[in-house]
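Number of protein chains: 2
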Amino acid sequence: MKVSAIITLKKDVLDPQGKVIHQTLDGMGFKNIDEVRQGKYFEIDVKENDPSKAKVIVEDMCKKLLANLVIENYKIIETQ
Amino acid sequence: MKVSAIITLKKDVLDPQGKVIHQTLDGMGFKNIDEVRQGKYFEIDVKENDPSKAKVIVEDMCKKLLANLVIENYKIIETQ
Numbered sequence: 449m450k451v452s453a454i455i456t457l458k459k460d461v462l463d464p465q466g467k468v469i470h471q472t473l474d475g476m477g478f479k480n481i482d483e484v485r486q487g488k489y490f491e492i493d494v495k496e497n498d499p500s501k502a503k504v505i506v507e508d509m510c511k512k513l514l515a516n517l518v519i520e521n522y523k524i525i526e527t528q
Numbered sequence: 449m450k451v452s453a454i455i456t457l458k459k460d461v462l463d464p465q466g467k468v469i470h471q472t473l474d475g476m477g478f479k480n481i482d483e484v485r486q487g488k489y490f491e492i493d494v495k496e497n498d499p500s501k502a503k504v505i506v507e508d509m510c511k512k513l514l515a516n517l518v519i520e521n522y523k524i525i526e527t528q
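Chains A and B supply the protein sequences, listed in that same order. Numbering-wise, the first sequence is residues 449 to 528 according to the numbering used here. Numbering-wise, the second sequence is residues 449 to 528 according to the numbering used here.
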C-alpha cells in the first residue's frame, strides 16, 4: 500500500525558499498571501497491506533518513 | 486560512530522485519497498476565510507558478 510522508520545517526555522516563492507570487498579482512555507513530500509504496504497520515502517524511514528532526517535522498520511 | 498544495510528478514521468531514495532506504535495511516518488509540498497562508475561495486561489497559484502541468499534477488540501 501507498503511504505518504510530508516533511515540513519547524515553525521557528526560517524558510528562505518559501519567502522567495511568496515574493514571486506577490509580484504575479497574488497580493493576499500571509506566508508560504515549503516542504517535501514522499509517496512510498510499501509491501505491507496492514495500514498501521505500513505507517510504522514509513515513520521509521522518516526518523532515519527522510527528515532532519532537529529542524523538521514529519506527518504520515495514508494514501491508498 | 492555511491551504496546502502537493505537487507530484505524473505517473509516466521518471523520478530519479525517488529512485535514489529508494536505493538508499534499501541499503539501510528497508527491503520491503516497491517504489518511492518524491514531490513538493507548499503550505500557503491566504488572507481568505472562505475555504472554497482559498482553495481556488491556491489552485490558480499551482497553475501559474507552483506546478509544471506538462509533467506534474497538483492536489489542494485544506489545512486549517
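Everything labelled a hint here was simulated from the structure, so no lab data went into it. Keep in mind that this is a model prediction, so the values were computed, not measured. The C-beta atom is built at its ideal place from N, Cα and C for all residues, glycine as well. Errors might be hidden in some of the hints.
[Said to hold, decoys possible] Capping the alpha-carbon separation at 16 Å, the derived lysine to aspartate or glutamate pairs in EDC-like fashion look like this:
#, chain 1, residue 1, chain 2, residue 2
1, B, K512, A, D474
2, A, K479, B, D508
3, B, K458, B, D474
4, A, K495, B, D508
5, A, K479, B, E507
6, A, K450, A, D482
7, A, K459, A, E496
8, B, K450, A, D508
9, A, K495, B, E526
10, A, K495, B, E507
11, B, K495, A, D482
12, B, K479, A, D482
13, A, K459, B, D493
14, A, K523, B, E496
15, A, K479, B, E483
16, A, K512, B, D474
[Said to hold, decoys possible] Reference listing, derived: stretches of chain B covered by chain A, where coverage requires no fewer than 3 residues with Cβ under 8 Å from a Cβ of chain A:
#, segment
17, 456 to 463
18, 478 to 487
Any of the earlier hints contradicted here, and which numbers?
-> 3, 4, 6, 7, 8, 9, 10, 12, 14, 15 and 17
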